[in-house]
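Read top to bottom, the protein sequences are chains H and E.
Counting in our numbering, the first sequence runs from 1 upward without gaps.
Counting in our numbering, the second sequence runs from 1 upward without gaps.
Please note that a few of the clues may not be correct.
For identical chains, the list gives no copy identity; a pair is met inside one copy or between any two copies.
[What the hints assert, rightly or not] Simulated pairs of lysine-lysine, DSS-like, Cα-Cα distance not exceeding 27 Å:
| # | residue 1 | residue 2 |
| --- | --- | --- |
| 1 | K15 | K42 |
| 2 | K132 | K62 |
| 3 | K203 | K262 |
| 4 | K269 | K152 |
| 5 | K203 | K85 |
| 6 | K213 | K85 |
| 7 | K42 | K62 |
| 8 | K164 | K213 |
| 9 | K203 | K164 |
| 10 | K94 | K203 |
| 11 | K106 | K94 |
| 12 | K152 | K262 |
| 13 | K203 | K132 |
| 14 | K59 | K15 |
| 15 | K203 | K95 |
| 16 | K152 | K356 |
| 17 | K152 | K42 |
Calculated directly from the structure, the hints in this document are not laboratory data.
There are 2 protein chains.
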Amino acid sequence: MGETHKPDTQSNTDKTVISVDAMGGDSGVAAIIGGMAKFASKNPDVRFIVNGDAAQISKCLKRRPALAAQCEINATEQVISMDEKPSTALRGGKKSSMWATIDAVKTGAAKAAVSCGNTGALMAMSVVRLRKAPGVDRPAIAILWPSANPQKHNIMLDVGADIKADAHDLLKYAIMGASYARNGMNLACPRVGLLNVGTEEFKGRPELHEAAKLIDTVARTSDFEYVGYVEGSDIPSNRVDVIVTDGFTGNVALKTGEGTAKHVSNLLKRAFSHTPLSRIGALFAMTSLRRLSKRIDPRRVNGGVFLGLNGIVVKSHGGADATGVAAAIKLAHQLAQNDFSEKLTARVASGLAASKDALSTNNEA
Amino acid sequence: MGETHKPDTQSNTDKTVISVDAMGGDSGVAAIIGGMAKFASKNPDVRFIVNGDAAQISKCLKRRPALAAQCEINATEQVISMDEKPSTALRGGKKSSMWATIDAVKTGAAKAAVSCGNTGALMAMSVVRLRKAPGVDRPAIAILWPSANPQKHNIMLDVGADIKADAHDLLKYAIMGASYARNGMNLACPRVGLLNVGTEEFKGRPELHEAAKLIDTVARTSDFEYVGYVEGSDIPSNRVDVIVTDGFTGNVALKTGEGTAKHVSNLLKRAFSHTPLSRIGALFAMTSLRRLSKRIDPRRVNGGVFLGLNGIVVKSHGGADATGVAAAIKLAHQLAQNDFSEKLTARVASGLAASKDALSTNNEA
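Please work from the sequences and hints to get the whole structure.
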C-alpha cells in the first residue's frame, strides 16, 4: 500500500471503502478520479483505495484536496490493456492495478471493487481471487436496461461473463438476478423472464425448455415471480424486471440496444439541425429533450455487476467519463451497504435447495 | 383457381405476377388489399393472385376497380392461425390460403409469394413445397436494418428460420446475404461481417471461429468482402452491409432493436408533450421529426426474405398495415424482376465449389 494521503484509519472504522482501478478504461486516470469526486461530493463518508500509477493519481488528487483526504493510494506498476487475452492477463498480471483492486476486496480492506478495464481479464481475476459462491458454476454479469418499468430499468444477465449457459446456470442467473433486483431496486417480488425467440412454449432451444421448468419450480417457493419466455422486444418493457439469458445472446442484445439507441439519437440530432425552423423547435423543446437524453443516457446506468462471486465487483464501461464512473461507484456503494454479496450467496443456497427438493419430489411422485 | 376478376392472360405474358396470402396477418384482409392497392397505383403492370376467402376479398376489391382488374382471386377456405405450431400447420394446412400462396410460385403461376402469416408455418410450407436450393441445409430469413450506410440499411440473416447454425450454414448465409445485397441493394462488393461478442479473434463460440475461416476463404475468390467479427453495436453502423448470425441470436437482436427504437420513440413523444414550450417546439420541428420517423419507421422496411429456397417468398410483419404490406410487395416484386432466386442458387453453387477447392488445396499443401 502507498503512503500518500493515507486516511486516519481510527476514525473511519464504519465507513464503506471502495477499491477503484485507476488505470483501466479508455479515458485515463483523470476521468476515473473525476467520477470519484462526483460521487464523493454527495457522499462525504465514503473512502477509496485507489490502485494504479501513484504519480498520475497524486497529480489528479492534488487539485481535489477534499477527495484526497478520502483516498488511500495503492501504488502499482503494471496495467492490463483492453485487448489482452484474459488467460494472458491472469498469468502475467499479478502486479497490475486490476489485480490489486480486486485483492483489496479479498483481504477485506474494501467492500467493493470498481474497474473500467478489460472485462474478460477482470472476470478471470475476480474468479481466481474471490472464488465462486457455493453452488455457482458460471458467474454472470448483470446490467440495468432503460425500460418502461416504474423503476425505469430492467436487469439483464448474463451479458458476457461466459458465452454459454446450461439450464442449471440459467436457474442460478434467475435466482441471482432476483436477488439483485431486491437489493439494487428494492423490488419485493421481482418478475423474472427467460429470453427466447417467442413466447410460445414449444419455441427455442432445449436447454431453455429445461430451464423454464426449473425456474418455475423454484419461483413457487421463493419471493420472485416467473413470467415465462420473453422476447427481445420485451427487454425495455414493463412485462418483466429480470431478463435471464446466456452471455452470448445477452451481450449481442446489449450492444444491439446501445447501437440502436445511438443511431436513433444521431438521426434525431440531425433532424433538429436540418432546417432553421427545426433549430428553433429544438430551442423551445430544449428542457424536454434534455430530460429525454438524461433518461436514455447509457452513462447514467453504467455498471455491470459480477454476480456469483464472494465479493462485489462492478465493471464500468471502458469508455466511461466522470459521470459514468460516478454511476458505477454509486452502484458498488449501494450494494456494499446492503451486504449484497452475503445475501446473494444465501439466496443461491436456498434456491438450489428448493430446486433439489422439488426435483426429488417430482421423481418420487 | 377462382373465377372472379380473372385477367386476360394473353396480354399479360411478360408481367410479373405476385401471389399474396390475403388471410395471414393481424390487421385483416382490408390491410392486405390496401397494401396491394398502394403498390399497384405506382406499378400498373403488376398482376396479383390473391389467395383466401373469396367473399371477403371480392368485397374489398369492389371499391377498387383498377386494382381488381389486376387481380385473380384464388378461393381457399382454411386459414393458418398465428400461434399454430409449424408441424401442425404443415400436416393439416394443405387447403389453406398460405399453402395456395406458395403453391402459385411452385407451379410457375407467380414469380414471388408474400404472406403476413405465421412465420414458422410459412417457412415449413415453403421448404416442403419449393424445396431447398442445392447445397443449402438451413434456409434463412434475411431482413433490412436501418443503418448509417449510404444505402440506409444493412441486411441481417438468419433472424429466425432456425434456432441454430453450424459453420457451414453460416458460410452459406454469408454467400446468400451477399447475393441479396447485390440484387436488393445494387451493391457490387458487399461487406460481410460475422456477429460475435467482440471483434478479437479469440472471442466467441468455436463454430464462429470455423465459420470465420470458411467465409474469409470464399470471399477471396468471390465478389464480397469479409470484414471479420462485428458486434451488436455494428448492426446499425457503416462498417458492414451483411451481418451473418444464427437464427436464435438474430431473432433476439432484431426484436431488441425494434423494442429499443420503440421505447426511445415513446419517450420522445412524451418529452414533446411534457410542457407547453416543448409542444411549441414540436410544431416548429414537425417536418424534421416526420422525416426522422419515416427514416426509422419499421413499416417501410417491412419484409423478411426467405433465402435458400427454389423460389421467392417474402414474410411481411404480422401486424403490418397497408404501408407495411406495400413495402413487402415492393421487395418481392424487385427480387422477382431480378430473377433473384436463380442468381442466388448459382451463387451458392459457385461459393460452395470455391470453399471445397480452397479446403482441398489447404489439405494438400
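Evaluation of the provided hints:
1. Taking identical chains as interchangeable, the C-alpha atoms of K15 and K42 lie at most 27 Å apart only when both belong to the same chain, with a minimum of 14 Å there against 72 Å between chains.
2. When the C-alpha separation of K132 and K62 is checked against a cutoff of 27 Å, the pair qualifies neither within a copy, at 39 Å, nor between copies, at 70 Å.
3. Taking the shortest alpha-carbon separations for K203 and K262, only the inter-copy value of 24 Å comes in at or below 27 Å, while the best intra-copy value is 31 Å.
4. In the homo-oligomer, the alpha carbons of K269 and K152 lie at most 27 Å apart both inside one protomer (24 Å) and across protomers (17 Å), since each shortest distance falls under that limit.
5. For the homomeric pair K203 and K85, the shortest alpha-carbon distance between copies (9 Å) is at most 27 Å, but the shortest distance inside one copy (36 Å) is not.
6. In the homo-oligomer, the alpha carbons of K213 and K85 lie at most 27 Å apart only across protomers (20 Å), although the nearest pairing inside one protomer, at 36 Å, exceeds that limit.
7. When the C-alpha separation of K42 and K62 is checked against a cutoff of 27 Å, the pair qualifies only within one copy, where the shortest distance is 20 Å, while the shortest distance between copies is 70 Å.
8. Taking CA atoms no more than 27 Å apart as the test, K164 paired with K213 passes in both settings, with 19 Å inside one copy and 22 Å between copies.
9. Taking CA atoms no more than 27 Å apart as the test, K203 paired with K164 passes in both settings, with 19 Å inside one copy and 12 Å between copies.
10. When the C-alpha separation of K94 and K203 is checked against a cutoff of 27 Å, the pair qualifies only between copies, where the shortest distance is 23 Å, while the shortest distance within a copy is 45 Å.
11. In the homo-oligomer, the alpha carbons of K106 and K94 lie at most 27 Å apart inside one protomer (14 Å), although the nearest pairing across protomers, at 65 Å, exceeds that limit.
12. For the identical chains of this complex, K152 and K262 are neighbours both inside a copy (19 Å) and across copies (15 Å), given an alpha-carbon limit of 27 Å.
13. In the homo-oligomer, the alpha carbons of K203 and K132 lie at most 27 Å apart only across protomers (23 Å), although the nearest pairing inside one protomer, at 32 Å, exceeds that limit.
14. Taking CA atoms no more than 27 Å apart as the test, K59 paired with K15 passes inside one copy only; the shortest distance there is 25 Å, against 76 Å between copies.
15. With identical chains, the CA atoms of K203 and K95 are at most 27 Å apart between copies only, with a shortest distance of 25 Å across copies and 48 Å within one.
16. In this assembly of identical chains, the alpha carbons of K152 and K356 never lie at most 27 Å apart, being 35 Å within a copy and 52 Å across copies at closest.
17. For the identical chains of this complex, K152 and K42 are intra-copy neighbours only, at 22 Å inside a copy versus 45 Å across copies, given an alpha-carbon limit of 27 Å.
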